[in-house]
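Asks: The task is simple: from the sequences and hints, build the whole structure.
Below, each chain spelled out in residue letters.
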Amino acid sequence: MKSSRTSRIAGITGLSLLLIIFLSPFLITILNTFKSTQEFVENPFSMPTEFNFDNYFKAIDEMNFSTAFLNSLIITVVGVVLVVVFASMTAYLFARLPWKINKVLFFIMTASMAIPFQVVMIPLVTIYGTIGFLDSRESLLFMYLGFGVPLAIFTFHGFIKGIPVALEEAASIDGSSRLRTFFQIILPAAQAGCLDCGGSRRAVDVERLPAAEPCHPVAGASHSSAFNV
Amino acid sequence: MRQKKLRNIGTFLVFGGPSLFAFTAVVLIPLAFGLYLTFTNWNMATGAHAFIGLDNYRQIITDKTYLGQLWFTIKYALLTVVISNVGAFFLGLILSKGFKGQTFFRTGFFTPNLIGGLILGYLWQFLFSQVLPFMGQKYGWALFQTSWLSDTTKAFWALVIVNAWQLMGYLMIVYIAGFVSVPSDILEAASIDGAGRFRKIVSVILPLSVSSIVVCLFLSISRSFLTYDLNLALTNGGPYGSTELASFHIVQKAFLSNEYGMGQAEAVVLFIVVAAIALTQSSLMKKLEVEA
Numbered sequence: 001m002k003s004s005r006t007s008r009i010a011g012i013t014g015l016s017l018l019l020i021i022f023l024s025p026f027l028i029t030i031l032n033t034f035k036s037t038q039e040f041v042e043n044p045f046s047m048p049t050e051f052n053f054d055n056y057f058k059a060i061d062e063m064n065f066s067t068a069f070l071n072s073l074i075i076t077v078v079g080v081v082l083v084v085v086f087a088s089m090t091a092y093l094f095a096r097l098p099w100k101i102n103k104v105l106f107f108i109m110t111a112s113m114a115i116p117f118q119v120v121m122i123p124l125v126t127i128y129g130t131i132g133f134l135d136s137r138e139s140l141l142f143m144y145l146g147f148g149v150p151l152a153i154f155t156f157h158g159f160i161k162g163i164p165v166a167l168e169e170a171a172s173i174d175g176s177s178r179l180r181t182f183f184q185i186i187l188p189a190a191q192a193g194c195l196d197c198g199g200s201r202r203a204v205d206v207e208r209l210p211a212a213e214p215c216h217p218v219a220g221a222s223h224s225s226a227f228n229v
Numbered sequence: 001m002r003q004k005k006l007r008n009i010g011t012f013l014v015f016g017g018p019s020l021f022a023f024t025a026v027v028l029i030p031l032a033f034g035l036y037l038t039f040t041n042w043n044m045a046t047g048a049h050a051f052i053g054l055d056n057y058r059q060i061i062t063d064k065t066y067l068g069q070l071w072f073t074i075k076y077a078l079l080t081v082v083i084s085n086v087g088a089f090f091l092g093l094i095l096s097k098g099f100k101g102q103t104f105f106r107t108g109f110f111t112p113n114l115i116g117g118l119i120l121g122y123l124w125q126f127l128f129s130q131v132l133p134f135m136g137q138k139y140g141w142a143l144f145q146t147s148w149l150s151d152t153t154k155a156f157w158a159l160v161i162v163n164a165w166q167l168m169g170y171l172m173i174v175y176i177a178g179f180v181s182v183p184s185d186i187l188e189a190a191s192i193d194g195a196g197r198f199r200k201i202v203s204v205i206l207p208l209s210v211s212s213i214v215v216c217l218f219l220s221i222s223r224s225f226l227t228y229d230l231n232l233a234l235t236n237g238g239p240y241g242s243t244e245l246a247s248f249h250i251v252q253k254a255f256l257s258n259e260y261g262m263g264q265a266e267a268v269v270l271f272i273v274v275a276a277i278a279l280t281q282s283s284l285m286k287k288l289e290v291e292a
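Going down the list, the sequences are from chains A and B.
Going by this note's numbering, the first sequence opens with residue 1, and the numbers climb by one from there.
Going by this note's numbering, the second sequence opens with residue 1, and the numbers climb by one from there.
Any given hint could turn out to be false.
Unchecked claim - Chain B residues, not near chain A, derived (Cβ > 10 Å throughout):
(1) Gly-16
(2) Phe-72
(3) Val-160
Stated by the list, open to error - According to the in silico footprint, chain A covers these stretches of chain B (three or more CB under 8 Å from chain A):
(4) 31 to 37
(5) 92 to 102
(6) 126 to 140
(7) 185 to 197
(8) 234 to 245
(9) 275 to 281
To be verified - Heads up, simulated DSSO-like pairs for lysine-lysine below, C-alpha to C-alpha not over 30 Å straight-line:
(10) A/Lys-161 <-> B/Lys-287
(11) A/Lys-161 <-> B/Lys-5
(12) A/Lys-161 <-> B/Lys-4
(13) B/Lys-4 <-> A/Lys-100
(14) A/Lys-100 <-> B/Lys-286
(15) A/Lys-161 <-> B/Lys-286
(16) B/Lys-97 <-> A/Lys-100
(17) A/Lys-103 <-> B/Lys-5
(18) A/Lys-103 <-> B/Lys-287
(19) B/Lys-4 <-> A/Lys-103
(20) B/Lys-75 <-> A/Lys-100
(21) B/Lys-97 <-> A/Lys-161
Simulated from the structure, these hints should not be mistaken for lab results.
We treat Cβ as the ideally placed atom computed from N, Cα and C, and that holds for glycine.
Replies: Structure (structure tokens):
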């Protein structure tokens, strides 16, 4: 009994050390945000001589932070909701109705995850620039939805396949329509999938769209202005 | 009969309509247009383009630098995939045991995924070019005396480490979801039959989590092949263009040297390589799946 307790404490200690090393890049960076440039060049590890929030005020001032943050917030929240709702519906369609077209479409979606963003970046900006559907929150949301659904459908597909069909049959015998069955039975049962998609969504989005910014003037300009509507 | 067909079309449109419309408009149509552009000598600045057939592709196949970069990318992706998956597998094993506070650890290891690759790249760049050399000089560790980013081999490893570090937490979550669904009665039966911890992992858990392994391999392969922002922020292709990954090279070609048709054609080649590897992998692995 005693030995198992010691080994458990040792295990947790080891894991904590591992986590600290794992997150050390963040810790070191946060530590250095309180220092002046000279201070951190001299010794990146030293504790700051005084906790100095000047860098934060400067950043908030220069970045027009409140507008940018509000935009990010709106786009994240609305974008995640749109992706989760529509992708889970499509995943349900693909997982439960064995039509040929569903199989083909699911395959195309899966394969599309291997498309480098650079392949569609310029055609995208060219096409939507021509019809004037750029530089607005709506267009950015629409693009998030389009780029977001493949991975989300892929994730949901796995979760929905694991939900027993009997549940649905019971609902349909009780006279529930397919749409109602979906929202009252399938979606609650696939909650873990929602969390998974919702949580990872942001990470993938941030990486993909604004990635165009620094390298390409046209795409960069349109995306950054989209963020500052 | 006809009514049923109409109803099916209705179901299809309601459930699939919105996401398929957005997907087609944002991914498929630009992809098709982009594909068409690879057969032209389109120039961004003037907008003029003429049809030149397969010339772009012919040039790529003989282009030694592009093939070199493709090989470099394959090496990079292979190492990243192996390191991140092995790490994530064991982290997932430890963190699905059900001890107190494991949610905290899961969240901790997932944290790098909450921040975009560009920011992570700049963060690690600071680490590699300032913090580690500082430590190296102070404590006399030869490995860290100079910045890793100024040496070709070390810069390559820097890319691998940072990408694997980020991917690990993400894949860990997928693995945990798989491990949790391994039925406990099977594990119990195995321990009654005298299987040790290692035996259980190899003979029970591993075969039953093939589906999570397939998903993780697919995600990590496509993500590491398509690394762009990390490459830009961390090494910016340097030193002397020696760490340009394929995606990075494509952007350089298309937008800096203005050879848009060429860049687009290189992107299509990359897509074919990635799709071929990822899909072969999943169809091969799917055969290993067993029912519990």
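Asks: Next step is simple, just say for each hint if it's right about the structure.
Replies: Results for each hint:
With 10 Å as the threshold on Cβ separation, the claim that B/Gly-16 sits away from chain A is violated: the shortest Cβ distance comes to roughly 5 Å. The beta carbon of B/Phe-72 is kept farther than 10 Å from every beta carbon of chain A, the shortest such distance being approximately 16 Å. Against the 10 Å criterion, B/Val-160 stays outside the reach of chain A, whose nearest CB is about 15 Å from its own CB. Given a C-beta distance limit of less than 8 Å, the hint that chain A covers the region 31 to 37 of chain B holds, as 4 residues qualify and 3 suffice.
Given a C-beta distance limit of less than 8 Å, the hint that chain A covers the region 92 to 102 of chain B holds, as 3 residues qualify and 3 suffice. Counting residues of the region 126 to 140 of chain B whose C-beta lies closer than 8 Å to any C-beta of chain A gives 6; at least three are required, and the coverage claim holds. Counting residues of the region 185 to 197 of chain B whose C-beta lies closer than 8 Å to any C-beta of chain A gives 0; at least three are required, and the coverage claim is violated. Remark: the region 234 to 245 of chain B is not confirmed as covered by chain A, as 0 of its residues place a Cβ nearer than 8 Å to a Cβ of that chain, below the required three.
Coverage of the region 275 to 281 of chain B by chain A holds in this model, with 3 residues showing a Cβ closer than 8 Å to a Cβ of that chain against a need of three. As the CA atoms of A/Lys-161 and B/Lys-287 are separated by approximately 18 Å, the hinted pair is consistent with the 30 Å bound. For the given pair, A/Lys-161 sits about 24 Å from B/Lys-5 by alpha-carbon distance, which is consistent with the 30 Å threshold. Between A/Lys-161 and B/Lys-4, the direct Cα distance comes to roughly 24 Å. Compliance with the 30 Å bound is thereby established for this hinted pair.
Between B/Lys-4 and A/Lys-100, the direct Cα distance comes to roughly 17 Å. Compliance with the 30 Å bound is thereby established for this hinted pair. At roughly 20 Å between alpha-carbon atoms, A/Lys-100 and B/Lys-286 fall within 30 Å of each other, so this suggested pair holds. Distance check on the hinted pair: A/Lys-161 and B/Lys-286 sit about 15 Å apart at the alpha-carbon level, within 30 Å; holds. Distance check on the hinted pair: B/Lys-97 and A/Lys-100 sit about 41 Å apart at the alpha-carbon level, beyond 30 Å; violated.
Simply put, A/Lys-103 and B/Lys-5 have alpha-carbon atoms about 18 Å apart, close enough for the 30 Å limit, and the pair holds. The suggested pairing of A/Lys-103 with B/Lys-287 holds, with an alpha-carbon distance near 19 Å, which does not exceed 30 Å. For the suggested pair B/Lys-4 and A/Lys-103, the alpha carbons sit about 20 Å apart, so the restraint of at most 30 Å is met. For the hint pairing B/Lys-75 with A/Lys-100, the CA-to-CA distance comes to about 37 Å; that exceeds 30 Å, so the pair is violated.
Distance check on the hinted pair: B/Lys-97 and A/Lys-161 sit about 25 Å apart at the alpha-carbon level, within 30 Å; holds.
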